[in-house]
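Full structure from sequences and hints, please.
Chains as they are written, first to last, in my numbering: chain A, 37 to 391; chain B, 37 to 391; chain C, 37 to 391.
Don't read these hints as lab results, they were simulated from the structure.
Where a beta carbon is used, it is the ideal one built from N, C-alpha and C, also for glycine.
Heads up, none of these hints are tricks.
Calculated lysine to aspartate or glutamate pairs in the EDC-like style (CA-CA distance at most 20 Å, straight line):
1. Lys-188/C to Asp-50/C
2. Lys-172/C to Asp-87/B
3. Lys-282/B to Asp-357/A
4. Lys-91/B to Asp-173/C
5. Lys-91/A to Asp-173/B
6. Lys-188/B to Glu-49/B
Here are the in silico distance ranges between beta carbons for each label pair:
7. Gln-171/B to Asp-173/A: 29 to 37 Å
8. Asp-342/B to Arg-341/C: 54 to 62 Å
9. Ile-213/A to Ile-199/B: 49 to 57 Å
10. Asp-50/B to Ile-213/A: 29 to 37 Å
11. Gly-323/C to Gly-281/B: 21 to 29 Å
12. Arg-341/C to Asp-173/A: 25 to 33 Å
13. Ser-278/B to Val-56/C: 49 to 57 Å
14. Met-195/B to Asp-224/A: 22 to 30 Å
15. Ala-212/B to Ile-213/A: 42 to 50 Å
Interface residues of chain B toward chain A, partial, derived using beta-carbon atoms under 8 Å:
16. Gln-39
17. Pro-43
18. Gly-60
19. Val-61
20. Asp-69
21. Thr-71
22. Asn-115
23. Thr-141
24. Ser-253
25. Leu-261
26. Gln-263
27. Phe-270
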Amino acid sequence: MRQLETPQGNYFEDFSLGQVFHHGVPRTITEADATLYTALTGSRYVLHCADTIAKECGFQSMPLDNFLVFHIAFGKTVNDISLNAVANLGYAEVDFKQACFAGDTLAVTSEVIGLKENSNGKNGVVFVRSTAVNQKDLTVVSWIRWVMVEKKIPHPPSMTPVIPDYLGNLNAENLAIPPNAHFSDWRDHYSDNQYRFDDIEIGDNIFHRDGLTINQSDHSLATRLYQNNARVHFDQHAMNTSRHGKRLVYGGHIISLCRALSYNGLGNAVWLCAINGGTHANPSFAGDTIYCQSEIIDKRVIPSRDDVAMVRVRMLGVKNDSPDNMEFLYRQDAGRTTYHTNLVLDLDYWVMMLR
Amino acid sequence: MRQLETPQGNYFEDFSLGQVFHHGVPRTITEADATLYTALTGSRYVLHCADTIAKECGFQSMPLDNFLVFHIAFGKTVNDISLNAVANLGYAEVDFKQACFAGDTLAVTSEVIGLKENSNGKNGVVFVRSTAVNQKDLTVVSWIRWVMVEKKIPHPPSMTPVIPDYLGNLNAENLAIPPNAHFSDWRDHYSDNQYRFDDIEIGDNIFHRDGLTINQSDHSLATRLYQNNARVHFDQHAMNTSRHGKRLVYGGHIISLCRALSYNGLGNAVWLCAINGGTHANPSFAGDTIYCQSEIIDKRVIPSRDDVAMVRVRMLGVKNDSPDNMEFLYRQDAGRTTYHTNLVLDLDYWVMMLR
Amino acid sequence: MRQLETPQGNYFEDFSLGQVFHHGVPRTITEADATLYTALTGSRYVLHCADTIAKECGFQSMPLDNFLVFHIAFGKTVNDISLNAVANLGYAEVDFKQACFAGDTLAVTSEVIGLKENSNGKNGVVFVRSTAVNQKDLTVVSWIRWVMVEKKIPHPPSMTPVIPDYLGNLNAENLAIPPNAHFSDWRDHYSDNQYRFDDIEIGDNIFHRDGLTINQSDHSLATRLYQNNARVHFDQHAMNTSRHGKRLVYGGHIISLCRALSYNGLGNAVWLCAINGGTHANPSFAGDTIYCQSEIIDKRVIPSRDDVAMVRVRMLGVKNDSPDNMEFLYRQDAGRTTYHTNLVLDLDYWVMMLR
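Written as structure tokens, this is what we have:
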């Protein structure tokens, strides 16, 4: 009886500069994805909930939440890029170019834009730029990501490292906003009479109060919905012998929980334009309760628009303790950030906010 | 760094008689809400399951289950009305006026119709009438509700209490039934050959047999689907120091489980017309198994209709013991009802039943 | 107060040869069923995920996964056939005749085709042929099933047993393949560049690597979605006193998990045509991690088709241990199969595979 090998993901040696992956399983996003996302996160951003209001604002129908779009697009890349990842090191320049609607189909490609062997000879860093296009071949979202990947056969570094440049902060002026959308008729009560752009200032800090406890099934359902097949989220038998002995919660689920919690304070931050980057400082597990705090780190008016403007938010996710009780969430020391052991997320994003 | 306050809900002092709240986050109900409701409850009422039969009965498509409609509409009111509730004291006159279909958008308002300070000076009772309208501005459902709400600053009662009148039992003759619906062609097997109106009598008692164990994720998903953001359902970290040390299951989820269990016996009670009121006598937690028993407390023919009639049901929900084994579920003593400690729900509703 | 009996399912005496059951609650399958199925299983078979590719292959839209179709159709039969089953003994000739699309409504009937009393006088075996038709009255799937059912009143065997013939292996040449579907334009990357028909041989063995841990809510949601109302899956209070003290996972959920895991290796086995039979050798419970291994037991070209062909797969599901570590999954001894105590599923199916 012949034993047929199953695909086990790519190792460091399998990647080469300029190589392009056409990821498998293009995905049609449905109304049900949006509904399930609400059930999984409790998100209340109204553009994604009310068809009437979406249309009043010039959308053809309810657009999908760009966080959901990102998770689905990201999930497509796991099988080729990060199945053998020792660590998901970072992502940047997550740039949303096109609104998504129920019925749209995403196909995702990734190009290898950098490679760097580690001195230990056991692994290296792979840098990719991934791009999700819709059925009209329009770019929906693109991003850069770097992961540390095992070598199939350990060997000392032998190639010249190529490390791509990327922006730590996307230029707010270049970010896409939905072209025909207009928000002048927005009524305050749509989004619970919350802050508008002019009410907040750079340096403002918002603790979003509510907490969400992660159930085992919640994050499993979410991660399977995104067809993200990283083993660490699903296989308890294998995880029994891992460092924590538990399944890890997909970092994207934490992002979505924090964003959902942010509604309470940032309910008028209606449209995610970009993610500059994120750090998942500590792992999360089922049973953890997630809290969220946001810092306003930048704001920009958009020339010729008086209905909306851009806000840059640092979204901090904390587990099992209220930011109110904690001495610090992070410390900045000589350019180095030290995180509290309860801090699970430090995300930097640009969002369009109602004026 | 300025600390921006997040909305923390209204306190007793924030309410005034005649005040109207336009609740945030209008909600488009989709086919996926209906499907997810099936997955969350196991409900089998066939009008909400089979497009073919719904159309045969004169509906444009499968109507949404009014229990689901109620939970979504109710969820909208939590943020303004009951975020600081010490207790959800009661609801009444839940009157369904208009069938809902996938694609309909609900917007909900509440008017303060009563206020009564408690003698302890710490809190008071707020009475509201809430109304959900669809995108055509037609009333879908309205109801009365009263909650005990904290005062921001304790002070002795100083105002004349206003307590609204309400009906403990809606007049069956005034209840709305779907205008073009007709059920003469209904075939017995559609709903598992169950009792019809003429088979049951006032005083009949039906134990529905099946049991449903609540998983932590089930009730969390349901309550997030309804965008009900009461903290007690979601935040285990905060609940650790609460009386029970556990997250509470949203009472509406118990109602839906009991209604789903009721199919086995009341499968021909096809259309919820009204809820007269309900008592959530004891809390439910993940891990509890719910059983249900129904008493027929009234029945009325509808003049000019020989296909359907009205039945008033007292639906009793019990946890972790079978009503068959229990000496009593409740006791009536000098006009006072005492509930068994395992009784979690006592709901009084009017339902349209096939003749 | 009259106690009205609720339907408690049929007992052995309630069945007679040739009897036909029109099962209750016909069911419209929606896009949301497909999406939820993805979230529950993590399945990635691309025909059911990407509208663009489904259309490119000649489908009107994404067809539903036949495993999902089967679970929904099967669920309909439980109330009449197996509510009092002592054991679900087997099924065979599961034959998919017609593709299903979102919006289709399934109605299911079963005919009693065999009866055999057991010598213990306490129960007997009921054989039924079940058929699910769509709203155009076209057969979608039919199958044979036999269950051991309690007698209402024990009595010694008194009737001549009738045991129907059935095929242990459906004839590959008679199986339906979607009539207008064509796969010549399929691009390798759609399904992660996996094996095609000509890459695999009879006798090949594929261990699919990934593992999926079952959460309590996962299988409850799935089984309720299928409206399968067997008590053993839902009622922990009743199961406390059962042999295992735990709720049993619906065998169909295990089938779906194994099929989802099989993507990794059999991603080009795109269309389930038939299930020859299955053995659920050991029960599964929440907390179990499921692994899967497939054996190729037959393959057939389809005359006049060079884009697709037929493969017969023996899909083996294992819990809580990797097939890689196990000495054996099953043993064949003098025509008798002995299963490892960790083996939970042995399923024999015909699938259409890309050439």
